Amino acid sequence: MLQCQSISVAIGSRYLLKDVSFYARAGEFTIIVGPNGAGKSTLLKVLSGEIRPLEGYVSYNGEPITRMRPAQLAKYRAVLPQSVTLAFSLTVEEVVRLGVEAAGVKSSAQASLCEAALGEVGLGGWGTRLYQGLSGGEQQRVQFARVLAQIPMPVANGQPRFLLLDEPTSSLDIRHQIDLLERARRHAREGGGVVAIVHDLNLAAEFADRITVMSEGRTAASGSPGETLDDATISKVFGISGIVGTLPPPAVPFVLPQSRHAVLP
Amino acid sequence: MTNAVSMPRRLAFRRKMSGDRRRIGQLTVGFSALLFLAVCALAVVTGPSPIPLGALFRSLLGETDALSAREAIILHDIRLPRLLLGALTGTALGVSGTMMQGLFRNPLADPSLVGVSSGAAVAAVCAIVLGGGPLSAFASVLGNSFLPVAAFLGALATTSLLYFLATKAGRTSIATLLLAGLAVTAVGNALIGLVVFTADDQQLRDITFWTLGSLGGATWGRVMAMVPFVGLMLAAVPFVSRGLDALILGEAEAMHVGISVETLKRTTILAVASACGAAVAVAGVIGFIGIVVPHLLRLMMGPSNRYLLPASAFGGAALLIGADAICRVVVAPAELPIGIVTALIGAPVFMALLLRRRNAFGL
Numbered sequence: 004m005l006q007c008q009s010i011s012v013a014i015g016s017r018y019l020l021k022d023v024s025f026y027a028r029a030g031e032f033t034i035i036v037g038p039n040g041a042g043k044s045t046l047l048k049v050l051s052g053e054i055r056p057l058e059g060y061v062s063y064n065g066e067p068i069t070r071m072r073p074a075q076l077a078k079y080r081a082v083l084p085q086s087v088t089l090a091f092s093l094t095v096e097e098v099v100r101l102g103v104e105a106a107g108v109k110s111s112a113q114a115s116l117c118e119a120a121l122g123e124v125g126l127g128g129w130g131t132r133l134y135q136g137l138s139g140g141e142q143q144r145v146q147f148a149r150v151l152a153q154i155p156m157p158v159a160n161g162q163p164r165f166l167l168l169d170e171p172t173s174s175l176d177i178r179h180q181i182d183l184l185e186r187a188r189r190h191a192r193e194g195g196g197v198v199a200i201v202h203d204l205n206l207a208a209e210f211a212d213r214i215t216v217m218s219e220g221r222t223a224a225s226g227s228p229g230e231t232l233d234d235a236t237i238s239k240v241f242g243i244s245g246i247v248g249t250l251p252p253p254a255v256p257f258v259l260p261q262s263r264h265a266v267l268p
Numbered sequence: 018m019t020n021a022v023s024m025p026r027r028l029a030f031r032r033k034m035s036g037d038r039r040r041i042g043q044l045t046v047g048f049s050a051l052l053f054l055a056v057c058a059l060a061v062v063t064g065p066s067p068i069p070l071g072a073l074f075r076s077l078l079g080e081t082d083a084l085s086a087r088e089a090i091i092l093h094d095i096r097l098p099r100l101l102l103g104a105l106t107g108t109a110l111g112v113s114g115t116m117m118q119g120l121f122r123n124p125l126a127d128p129s130l131v132g133v134s135s136g137a138a139v140a141a142v143c144a145i146v147l148g149g150g151p152l153s154a155f156a157s158v159l160g161n162s163f164l165p166v167a168a169f170l171g172a173l174a175t176t177s178l179l180y181f182l183a184t185k186a187g188r189t190s191i192a193t194l195l196l197a198g199l200a201v202t203a204v205g206n207a208l209i210g211l212v213v214f215t216a217d218d219q220q221l222r223d224i225t226f227w228t229l230g231s232l233g234g235a236t237w238g239r240v241m242a243m244v245p246f247v248g249l250m251l252a253a254v255p256f257v258s259r260g261l262d263a264l265i266l267g268e269a270e271a272m273h274v275g276i277s278v279e280t281l282k283r284t285t286i287l288a289v290a291s292a293c294g295a296a297v298a299v300a301g302v303i304g305f306i307g308i309v310v311p312h313l314l315r316l317m318m319g320p321s322n323r324y325l326l327p328a329s330a331f332g333g334a335a336l337l338i339g340a341d342a343i344c345r346v347v348v349a350p351a352e353l354p355i356g357i358v359t360a361l362i363g364a365p366v367f368m369a370l371l372l373r374r375r376n377a378f379g380l
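Going down the list, the sequences are from chains A and B.
Sequential numbering of the first sequence, starting at 4, is according to this note's numbering.
Sequential numbering of the second sequence, starting at 18, is according to this note's numbering.
Derived from the structure by calculation, the hints contain no laboratory data.
Predicted model, so just to flag it, every value in this text is computed and none were measured.
Among these hints, one or two may not hold up.
Unchecked claim - Cβ-Cβ distance ranges computed for the label pairs, FRET-style:
no., chain 1, residue 1, chain 2, residue 2, range
1, B, 351, A, 92, 42 to 48 Å
2, B, 317, A, 70, 42 to 48 Å
3, A, 38, B, 203, 46 to 52 Å
4, A, 70, B, 192, 38 to 44 Å
5, A, 135, B, 364, 22 to 28 Å
6, B, 58, A, 92, 31 to 37 Å
Said to hold, decoys possible - Derived DMTMM-like pairs: lysine to aspartate or glutamate, alpha-carbon spacing no greater than 20 Å straight-line:
no., chain 1, residue 1, chain 2, residue 2
7, A, 21, A, 219
8, A, 78, B, 268
9, B, 282, A, 53
Here a beta-carbon is modelled for each residue, glycine too, at the ideal position from N, C-alpha and C.
Make a model of the complete structure from these sequences and hints.
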């Protein structure tokens, strides 16, 4: 289990996070939602070890993060950042290889693992291309391949491994949004843990096992999608009421990713 | 072997080396090592008093009387120390350029351009002037290492200062870096001016030498004094190369893939300061090696530091030795300051880099 307790993070006198407790269980897909500036990314950075909180502690499978070296931490969790700007021109394979190396794989197996990870995000055979020549969405998928290459097994040595995804679907089309979240959910189904920040509430409702709603640096609600994505919470946090489970007026088209599971009449 | 058999093999080889460019990297390291050896051989035999290449080889193979006594003395007392000093200085400049560019995540970071060499020169000049007076105790204890140690401290202070000035939240703004370099260089020149003002004639001659840059002062003592400093930097190479590769993604991302970023930064700054300081102490401020060599190598093999760092060591050494040979030959028996030649080669490359990337820099 990935857990953090009474986390506070501040810049100067302004609190980005105030007394936040959060956990992500192995086998579950945990999704964080909330308005801009609610502290979602900051929480994810605390969980990944990137930011050291002012107060509170983080632990992976009971082991406090402060006692782990970066190399050890890299075997427990992989992180997909919102966007990555390369300083020098790497090929797609070289980017993914950085993940493979972090997993501690011996060099003879690295090339095939790179290719396998690229295949998982639908970019098999793209290894030779230059990363900087790709579109934003393709770059995001390459980074996701790097994340998968870093944590190749959802469970290793009897311990669950975690994927921390900061807006993994932000520049993807709806097809690839679903593909990526399904791949992440598979990681959870096979015993690993996934924490993702997702803005699309429909996708969050479909894929999350648990949702944490954040608002103004605090946890506003936490629980199953049914418990958290209700009218009261949504109107309190986002300031829009009456949009949960209500169909739009007949003239307005709407697109629901969940509807692909619907049984057609 | 028939064509039918060799074809698929060659295709397999080509498939393997695209995408992951490690094979090209290895080849480039080998190529730059060969280039280095070739330039060494050329530099040893050329000069106002040429040494026949054939005779040199025979003497290397153990034939004691292959070289005349005069040639042997020229070789041992003039050419060899100068060659080794050039190799060490070129290695120091090439590798520290690559390291700084990786650390600052920017292809324009070069020790001489951003003021590291200038900081080292200030410290060296202070050491020359104060070495006879207030610091004479240190000078006598450290002997030949006194200047390199002083220059190392100057370079260390400058590199650290630059890093804190120009890097905010893991991002280095190239404009800030170059401007900070300008400021540091200006302060350095002012300090040197101040010291020059108080210097005597002999000190003045020594100081002037720094502003030009030259391998002319090569002695075995200086070569030996430089070895530990460059050795320290080369010893750091295997520890920083994966970290610098990961840093291409960004500082946070490097941490995500298991790099201890703070350790990486400190090791890199120390290595750069050590080698740059020593290079400045023995050869003065020689510019552009650290920017030209990594840039050309990256064009060939990509930016992976695992092979780029060793290739820059050989490439830097080859370029500096080659430039020094040119300096010795074109106006023989006089010598051109080497800074002129490296600037003539380097400045156009720098301009090309700026042109190609000016949009990305927003300059």
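Consistency of the hints with the structure:
The hinted window of 42 to 48 Å between residue 351 of chain B and residue 92 of chain A holds, with their beta carbons roughly 44 Å apart. Between residue 317 of chain B and residue 70 of chain A the beta carbons are some 43 Å apart, a value that agrees with the proposed interval 42 to 48 Å. Under the hint 46 to 52 Å, the C-beta atoms of residue 38 of chain A and residue 203 of chain B, about 48 Å apart, fit the expected range. At about 40 Å, the beta-carbon gap between residue 70 of chain A and residue 192 of chain B stays in the expected band of 38 to 44 Å.
Look at residue 135 of chain A against residue 364 of chain B: about 27 Å separates their beta carbons, and that is inside 22 to 28 Å. For residue 58 of chain B and residue 92 of chain A, the Cβ-Cβ distance of about 35 Å falls inside the hinted range of 31 to 37 Å, so the restraint holds. Restraint check: the Cα-Cα separation between residue 21 of chain A and residue 219 of chain A comes to about 9 Å, which is no more than 20 Å; the hinted pair holds. For the given pair, residue 78 of chain A sits about 18 Å from residue 268 of chain B by alpha-carbon distance, which is consistent with the 20 Å threshold.
As the CA atoms of residue 282 of chain B and residue 53 of chain A are separated by approximately 16 Å, the hinted pair is consistent with the 20 Å bound.
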